[in-house]
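Colleague: Sequence:
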Amino acid sequence: MSDDVPSLVAGYRDLVLVHRGAGAVTYRAVAERSGVAVALRVQRGGVDIPPDELESLRRASQNPHMVTVLETGRTASERRFTALQYCGGGGYGDGGPLAVREAVEVAIAVGKALQALHDEGLVHGDVHPGRVLRGEDGPLLSGAATLRGLAARSRPGVLEPPDLERVDPGHAAPETLRRQEQTVASDVYGLGATLWSLLAGHAPFTGDGPGAIRERALAGPVPALPRTDVPERLVEAVTTAMAPEPAERHASAGVFVRVLEEILPEAPESSWSRLPGWAWESGGAERPEAGAGAGAEAAARGRDEAAAQAPGVRASRGIGPVVATVAALLVVGAVVGVMGLLPEGDDGERARAQPSRDRVPTSTPTAVREDGKYRPGKVRITDARISIEVGWDDRSGGTATHYVVGGPRGRTASTLATARPGTEKVVVTALNPGVDYCLTVVAVLDVDRVAHAEPVCTRRVKRDG
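Heads up, the sequence shown is in the working numbering, so the first residue is 199 and it goes up one at a time.
Some clues are possibly wrong.
[Unchecked claim] EDC-like cross-link-like pairs, simulated, lysine to aspartate or glutamate; straight-line CA separation at most 20 Å:
no.: 1; residue 1: K623; residue 2: D592
no.: 2; residue 1: K571; residue 2: D644
no.: 3; residue 1: K310; residue 2: E276
Hints were generated in silico from the structure; no laboratory data involved.
Since this is a predicted model, take the numbers as computed values, not measurements.
Let the sequences and hints guide you as you build the complete structure.
Modeller: Right under this line is the structure:
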């Protein structure tokens with residue numbers, strides 16, 4: 199045990215260091231009286247939170263969607279410690295995009311937890327996917343400002359301006375980035391940004407360092423979600439939550455939750471790459487090595503509670519080989535329909551595909567075969583960090599529709615771009631500049647004939663070996 203943490207925390211034994219953050223050191227420990235594993239968080243710096251505020255947090259944490267605060271106290275050297283419910287399932291901060299329904303369900307749970315905090319006069323202050331853990335019974339919110347010593351409330355429902363070095367700028371409300379007081383409206387924004395991130399697989403605002411991210415977040419509107427299967431009502435709800443002015447957002451976390459609950463029946467249950475009945479058996483492309491790089495995005499710094507709960511544990515969202523063809527075929531069967539892949543009329547113009555719940559297949563689809571002679575050739579990429587230009591040689595004679603499928607390296611693939619017949623270049627936009635991407639070009643000639651190129655990956659992140 200290091201000198202940074204006292205050697206004795208009364209009532210707890212077998213302390214194992216699992217995370218060292220800017221504001222705290224977190225251990226996995228065992229409560230001596232119960233023998234139960236806990237996450238023991240020992241504060242290193244930050245604001246010394248008043249006891250009544252800590253008690254408010256303890257009451258709020260009884261909500262089933264929050265990590266439970268078991269005890270607070272002082273170590274032998276008078277440092278504040280908090281014993282928390284231990285969660286061994288990892289968090290949502292490192293995964294790729296979720297299916298729409300799952301993302302909405304996570305947001306509903308987080309919104310209910312936020313409302314519990316707000317009912318106690320508390321503000322979370324730093325809502326983003328890295329603060330959401332995978333509990334045994336569903337998502338659990340952690341990392342409230344009161345717990346972290348991020349800032350104290352100046353009055354009920356109002357949080358003093360936080361230290362920006364400890365806030366994720368990619369999900370933070372504009373008033374937070376301007377170092378103004380935070381209110382429940384700031385948490386509503388964070389919830390909207392979290393839902394945006396769960397749908398996109400990365401933060402709404404990215405850049406080369408926290409300063410660049412802050413500038414982009416303060417200057418621009420909410421970016422468009424980089425997928426087409428999100429119901430319009432859900433897009434509107436997220437946009438409202440992320441309105442630049444607090445008064446323009448949903449009136450409370452509870453109101454936002456009710457809006458999401460109304461939209462939930464419209465949300466697709468499966469992502470395109472994970473619909474039941476679809477499989478790819480080709481022995482072609484192998485999956486690129488797993489493990490996306492951390493990148494420069496400041497969101498990586500905001501995992502102190504989420505990572506501490508279960509270091510090294512990540513829910514598996516990867517899918518077999520690089521199933522770029524699977525995702526493309528799912529677009530065929532579940533999104534645009536059979537005829538949607540083919541040119542409409544003599545001029546070859548094709549309407550942009552829009553998702554339809556009515557077209558989700560209910561039985562095993564037609565067997566698909568790889569037609570190697572049409573495999574896209576000489577695939578090349580030009581990496582502009584927030585976008586990637588993808589080019590290829592069309593070997594179908596201008597008859598195949600091409601799809602660019604992929605995502606962050608080692609994570610679930612999804613359809614990123616579509617090129618109508620005769621096109622040999624597309625630009626994939628709205629990317630996270632801090633992670634590597636692996637992309638596969640897929641030629642779809644008919645409902646049962648496809649040809650996919652070998653995957654190509656960016657080389658942004660240095661890897662050992």
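Colleague: Hint by hint, say whether it matches the structure.
Modeller: Status of each hint after checking the structure:
At roughly 10 Å between alpha-carbon atoms, K623 and D592 fall within 20 Å of each other, so this suggested pair holds. Taken as a hint, the K571 and D644 pair is honoured in the structure, with Cα atoms around 14 Å apart against an allowance of 20 Å. For a cut-off of 20 Å, the pair hint linking K310 to E276 is broken: about 34 Å separates their Cα positions.
In this structure, only the earlier hint numbered 3 is contradicted, and the remaining ones agree with it.
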